[in-house]
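Heads up: the protein sequence lines correspond to chains V and H, in order.
Everything in the first sequence is counted per numbering that gives the first Met the number 0, starting at 0 for the first residue and increasing by one.
Everything in the second sequence is counted per numbering that gives the first Met the number 0, starting at 0 for the first residue and increasing by one.
Hints listed in this document are in silico derivations from the structure and should not be mistaken for laboratory results.
Heads up, a few of these hints could be off.
Stated by the list, open to error - With a Cα cut of at most 30 Å, we get these calculated BS3-like pairs of lysine-lysine:
1. K516(H) - K266(H)
2. K516(H) - K104(V)
3. K472(H) - K413(H)
4. K563(H) - K516(H)
5. K524(H) - K563(H)
6. K104(V) - K472(H)
Claimed, not checked - Just the calculated beta-carbon pair ranges, DEER-fashion:
7. A590(H) - D91(V): 40 to 46 Å
8. A42(V) - P477(H): 52 to 58 Å
9. G533(H) - T85(V): 19 to 25 Å
10. I128(V) - S342(H): 14 to 20 Å
11. T81(V) - S315(H): 32 to 38 Å
12. V394(H) - L113(V): 50 to 56 Å
13. W591(H) - L113(V): 21 to 27 Å
Where a beta carbon is used, it is the ideal one built from N, C-alpha and C, also for glycine.
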Amino acid sequence: MRSLTRRIACIALAAWTGAVAAPALPAYAVTPQEVLADTALEARARGISAELRCLVCQNQSIDDSDAPLAHDLRVLVRERLTAGDTDQEVRDFIVARYGAFVLLKPPFSAETLLLWLMPLLALGGAVLILWNAFGTPRKAEAAPSTGKLSAEEQAALDALLKPEQDRPAKN
Amino acid sequence: MIIEIGHFALILALLVSIAQMIVPAWGARVRDPRLMAFGEPAAMSQLALILIAFLALMYAYVTSDFSVANVAANSHSSKPLIYRISGVWGNHEGSMLLWVLILAVFGAAVALFGNNLPATLKANVLAVQSSIALAFLLFILVTSNPFERLDPAPFDGNGLNPILQDPALAFHPPFLYMGYVGFSMAFSFAIAALLEGRTDAAWARWVRPWTLAAWMCLTIGIAMGSWWAYYELGWGGWWFWDPVENASFMPWLAGTALLHSALVMEKREALKVWTILLAILTFSLSLMGTFLVRSGVLSSVHAFAVDPGRGVFVLSIMMLFTGGGLALFAWRARDLKQGGVFSPISREGALVLNNVLLTTACVTVLVGTLYPLALEALNGSKISVGAPYFNMTFVPLMIPLLLALPLGPLLAWKRADLAAAMERLIVAGVIAAVVLVASFALTHRGPWLAPFCFAIGAWVMAGALSETAFRIKLGHVPLAESLRRLVNLPRAAIGTMLAHFGVGLVVIGIVGTTAYKSEAILLMKPGEAAGIAGYELAFRGAAPSKGPNYTETVGVFDVTYGGKPVTRLEPSKRLYDAPPQPTSEAGIHAAWSGDLYAVLGDQQPDGGFAVRLYFHPLVRCIWIGALVMFLGGAVSLSDRRLRVGAPRRAVRAATVPAE
């Protein structure tokens with residue numbers, strides 16, 4: 000239920016802000032007119048587009064989105080590539096204008112440290128917890144058993160057995 | 000009048016849920032069989048009352064009673080009957096009503112089929128289950144009442160979002176909710192076990208069928224959503240790592256881990272504490288999914304309720320149950336006795352590995368989903384975490400899981416012989432190697448990683464079959480003997496095989512469509528032809544057409560393969576009447592090798608159309624695989640051991656005094 004409505008929402012939003020240029024009809028994600036003749040360059044453009052977020056949509060790349068803003072960004076990406084920019088230069092160019100929010104793959108920084116390290120931390124944590132889970136009984140076994148109940152254990156047993164003994168009397 | 004009856008029934012259900020929460024739990028505490036037995040009729044009447052409320056709302060939708068605010072806001076008289084029915088849960092209020100209805104169904108199922116449960120456990124389970132119902136009934140009645148009236152009633156309704164008017168989406172929410180809510184059973188059993196301070200193999204045996212049923216529904220629910228996205232969104236995407244998708248995927252991952260750890264607990268009395276924790280966490284993730292979707296924290300079409308009051312309410316419910324459950328766990332878990340020593344190379348060890356990887360994957364998805372929210376709340380900086388992050392972190396965790404998957408069922412409990420298990424997988428290994436070489440040969444210019452992933456998928460599928468072949472001694476005894484053994488195999492073993500085979504199929508489908516998808520974006524005039532993946536599509540033109548509540552432009556493509564006619568595809572662009580919204584209906588031709596997928600775009604000034612053609616190799620395997628997993632669960636659920644549960648002797652002793 001996600002993206003189509005979002006696309007529709009994007010179209011509505013764009014129409015509302017008056018951003019729709021020539022065609023009044025909703026445009027599709029990558030239109031035939033946008034596609035570059037140079038297939039290698041076009042492939043790079045698609046790769047970059049898939050990692051850039053459409054700013055008027057939720058969690059959708061500009062490659063998938065058909066909002067006019069996404070169209071503008073796709074054209075921009077292709078212009079930069081045609082001008083001879085590297086992929087990284089294109090990304091930097093877009094980030095300089097729209098902020099790190101456009102990157103669907105957040106850069107590794109102090110802010111995203113925990114994000115990128117969490118899978119490793121979680122793996123370590125899960126191993127630790129489960130190692131304990133099947134390590135404990137062995138430790139418990141290692142303690143020599145006297146074969147007799149301690150005073151506490153005897154009290155607990157009595158408490159447990161008491162209701163059982165009482166019950167027939169009640170009934 | 001019927002609406003008021005529904006409203007009244009819902010209030011009565013709330014009162015019943017209060018009684019059902021207190022009386023049986025108190026009875027279990029003072030060991031009074033009469034008080035404990037109160038849980039059963041209470042659960043049944045709670046179900047009856049909520050069902051009355053639900054049917055009343057459905058009646059309002061079917062008869063298009065626009066004096067009900069909820070119907071006026073979400074329905075329209077021109078809508079086909081099936082979407083007037085599914086419209087009941089196509090909005091916030093109605094979907095919450097469906098949520099409590101399913102909760103009540105599960106509660107009543109314990110009351111009906113839980114005859115072999117110890118009386119105190121049953122009473123506590125019903126009480127905990129009812130406390131969840133109480134929280135959500137209160138939520139509905141206080142913040143999201145579907146029975147509110149409008150005066151004056153409008154002439155017609157606003158209509159249901161057209162993209163929700165789809166057969167797969169009509170039944171996507173009920174399955175998803177059966178999954179979410181089904182995990183409440185695991186939660187209730189876990190809390191009841193902690194209250195009693197006692198769990199054993201029998202506990203795990205009671206919990207497993209409920210968890211399995213919930214897991215099956217969630218699997219199908221997620222698969223339906225993904226299938227819908229695939230054919231409806233217009234480019235064949237089937238998974239987006241969207242926060243809302245993640246919200247349903249996290250309970251699935253945790254639930255899958257729970258299914259496996261409960262197995263260890265049932266068979267070997269080990270991993271008790273962990274299983275209880277996982278049961279609490281799985282349901283907490285379901286509640287979090289409900290919170291994320293219902294609160295509007297993530298703005299998305301799922302978030303019907305962009306109302307902070309509701310968000311805070313659901314958040315409180317989530318905190319109460321998660322926090323309460325974990326606090327009780329911290330307090331009582333120590334009392335649970337651990338049993339079952341095992342060496343790392345054993346069935347238990349394999350299942351522990353399964354749990355480590357699945358929970359880590361779940362945490363990864365959780366962090367990726369919530370990190371932007373948390374960061375923004377902390378220092379206001381906005382970042383995006385999208386598909387590239389999840390692909391980089393989630394996929395590497397799945398690879399060891401898939402590699403180890405066929406080994407697990409072949410290892411013996413307690414202490415296993417790894418070499419012997421490997422030996423039984425030689426055939427599977429050879430098949431995987433052949434697949435690896437063959438896919439390299441066939442796709443020599445494709446991505447180099449994809450053939451390895453195909454091989455992993457083949458390894459999982461062949462491994463699943465190998466395990467069954469080993470169990471029935473295929474090739475070692477006469478075929479008739481093998482068949483006899485196959486028939487006598489426990490259903491759970493066949494279920495395991497099917498579910499694991501399904502996982503392999505899903506992998507093959509994902510790799511096929513992700514790595515080898517081809518597409519063509521072009522302008523076509525009537526009479527022109529275009530080719531993709533060996534298919535030739537001749538565009539005959541486009542014509543307007545009218546449906547029950549929409550108008551559309553239908554494009555006609557005659558498809559041939561090697562000169563032979565294959566099919567005619569008719570993709571269309573629709574415009575719905577109420578609310579006026581455009582949608583795109585793709586033309587899809589399904590074959591074993593993959594799907595041919597055509598989308599009609601905008602008309603150009605020169606009379607041509609923008610057309611997008613795709614070929615999605617093997618994409619059907621994803622949903623067929625999910626279906627096979629579902630079937631595996633169903634076969635396993637029909638196993639006698641799960642139905643019988645624990646010995647019957649305990650039953651008589653517990654229930655007779657109640658009468």
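Hints breached by this structure: When the structure is compared with the hints, numbers 1, 6, 9, 11, 12, 13 turn out to be violated.
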